[in-house]
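Enquirer: As you go down the protein sequences, you meet chains W and R in turn. Quick note on the numbering used here: the first sequence kicks off at 4 and runs consecutively. Quick note on the numbering used here: the second sequence kicks off at 5 and runs consecutively.
Hints in this document: simulated from the structure, not taken from any laboratory. Note that the structure is predicted; figures quoted are calculated from it, not measured. Some hints could be false.
A few chain W positions that, by computed beta-carbon distances, are all more than 12 Å from chain R [said to hold, decoys possible]: (1) Arg53; (2) Ala80; (3) Arg164; (4) Ile172; (5) Lys192; (6) Glu226; (7) Glu250.
Now the stretches of chain R that chain W is said to cover, found in silico as 3 or more residues with beta-carbon under 8 Å [stated by the list, open to error]: (8) 46 to 53; (9) 301 to 311.
Simulated restraints, written as ranges between beta carbons of each label pair [said to hold, decoys possible]: (10) R:Leu294 / W:Ser210: 57 to 65 Å; (11) R:Ile233 / W:Trp233: 44 to 52 Å; (12) R:Gln49 / W:Ala253: 35 to 43 Å; (13) W:Arg153 / R:Ala259: 50 to 58 Å; (14) R:Gly290 / W:Pro9: 30 to 38 Å.
By construction, the Cβ of each residue, glycine as well, lies at the ideal position given by its N, Cα and C atoms.
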Amino acid sequence: MSENLPYSRQEMMAIATGRELHDGELAIFGVGLSMLAGYFAQACHAPNIRAMTEGGVYGATPVGGLPWGIECNRISANATSFTNAIDAIGFLVASGRCDVGIIGAAQVDKFGNVNTTGIWEGEIGDRYRLPKTRLTGAGGANDIACGAGRVVIMVTHEAKRFADKVSYISSPGYLEGGNARERYGFVGKGPSAIITTLGILRPDPVSKEFILEAYYAFSSVEEILANTGWDLKVSPSVHVVPEPTAEELAALRRVDQTGALRKA
Amino acid sequence: MPSNKLLPLAEAVRRYTWDGMQYASGAALPVGSDAIAFGRELVRQKRRDLHAIFHCNTQQLNLLAGAGAVSKAECGFSGLEVFGFANGLRRAVESGQLALEDYSNLAMAVRLLGGAMNWPFVPATVNIGSDIQDRSAFAPDEYPAKHKIPTVTDPFSGREIGAFSPLKPDLAAIHVSLADPLGNAIMLGTEWSRFELSRAARKVILIADAIVDTDCMRQFPNLVRIPDIIVEAVVYHPFAAWPQSSPGLYDVDEAHMKLMNKALATEQGTADYVRDFVDSYGDIDGYLDLIGRDNIARLSDSATSFLLDPFRQWIKTPEEIAALTAEVAA
Chain W
4 MSENLPYSRQ EMMAIATGRE LHDGELAIFG VGLSMLAGYF AQACHAPNIR
54 AMTEGGVYGA TPVGGLPWGI ECNRISANAT SFTNAIDAIG FLVASGRCDV
104 GIIGAAQVDK FGNVNTTGIW EGEIGDRYRL PKTRLTGAGG ANDIACGAGR
154 VVIMVTHEAK RFADKVSYIS SPGYLEGGNA RERYGFVGKG PSAIITTLGI
204 LRPDPVSKEF ILEAYYAFSS VEEILANTGW DLKVSPSVHV VPEPTAEELA
254 ALRRVDQTGA LRKA
Chain R
5 MPSNKLLPLA EAVRRYTWDG MQYASGAALP VGSDAIAFGR ELVRQKRRDL
55 HAIFHCNTQQ LNLLAGAGAV SKAECGFSGL EVFGFANGLR RAVESGQLAL
105 EDYSNLAMAV RLLGGAMNWP FVPATVNIGS DIQDRSAFAP DEYPAKHKIP
155 TVTDPFSGRE IGAFSPLKPD LAAIHVSLAD PLGNAIMLGT EWSRFELSRA
205 ARKVILIADA IVDTDCMRQF PNLVRIPDII VEAVVYHPFA AWPQSSPGLY
255 DVDEAHMKLM NKALATEQGT ADYVRDFVDS YGDIDGYLDL IGRDNIARLS
305 DSATSFLLDP FRQWIKTPEE IAALTAEVAA
């Protein structure tokens, strides 16, 4: 377990996510953890990443800690262009120009479908009814899930969040698996990884079901299986994710200046 | 021909709003520019049964929903970014008092574009294939929903695609950083979808943090994305987006964002909040006293205040604005 580690589980998740981004890519991040992962990548190994937000903030390096939102002063202080939503999530994402997006999830299923809309008791059934707990809705995540070249999903690894089937698809992954996305003509290829507080899952190339590919120094295959709500398959080449280097941790904490993620 | 369109906030709300109307916010963001002061005034004047069109939820919709002023809402994101779930909106949805129709952020922007262009529908490349298409809070018995994002045939490829309904709200109250008395506006920071909203709405009222001379607009015409020809009225209201931020002018008020959202979680908390932070001031000075003069100085010392520098020379004083407002009333 992680008690004696010099980094938190959320920091490990953010670093593992940031490692998915490559220099020079056009990348879009939402607020909170996904923004931290994205700007960590820029601060660490991908200095020429072309970062943008849904609101149309381009070229920013956040100041004063993790931004409060996609338009706050912490992210607006260094921007080189301000445009708007249609430009960012339309002209640049829905058009297919954006290489990669990072989104969060309240619930995710074995085909990488994400629920951020609500939690219902049991199946919703054949009419819309009130959720037991109303969540934030899709925001721009649906648009990123449909349009970004690839999508990385970040989520806290708990059985209740890893459902065989999510109760509401807010943002499509591979829907029912296989080639189901093709029916809708999405320009994006779908989620390339689910990165959690315990490990990394990637889709089977044919069935598109997510399988366990890697775990962290502080987690194990057994712990991950026990915290996944479906019969998770384990890759024959399952392995340990390299721990954060001193350089990576320093870069991450330059972005998370106020330490929002160290307490987790 | 009036020389300016300046109106006091209370008068603008009296003149341009009614119970049951379709009301759109500044199409703004949960932590960014939004005409929250206008929403406070809607609560003060006890407007009811609003159909809210908000690109994203903001503290304004959170307040309006928590106070029971909204019966239907359409939005793309219903949280408060890093400030978490919007408790007032959430309480209204979970209790069934408010029907919240879900879309994504791009969907809301292109639906406003469709309204602005007077298109019959907008092709949907997002929201299809998800439960956003299949489930409708406005038509709960339809599954999959037939009239929310119906399927149409692309006349060119023959392929089946989704169609969004365009939006044409009765009124948009749009927050801007700077407006002149005629209704030309400059937004510092991102527009989100204020540009499309200003063209989609049947009527537009600007809520401006600062009023500038029209010479300012002549100096920066490329930045005037909302021109006077589509604007009904201009309301001067410093800190109009508080506790949210207005790039160039003030930062998000972290403590009040939390206090406000916590209060809206319960009926009693909402009643107390309305008493203390909505009904408690009589004029702009009283409103600024409520925010706190020290707090205002702190929030104004923002990392983005350099964005305002090119425009400062044209900013009018409260006395000049009062004189211009009196001219309209006369």
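Enquirer: For which of the previously enumerated hints does the structure constitute a violation, in increasing order of number?
Expert: Structure breaks hints 2, 4, 8, 11, 12, 13, 14.
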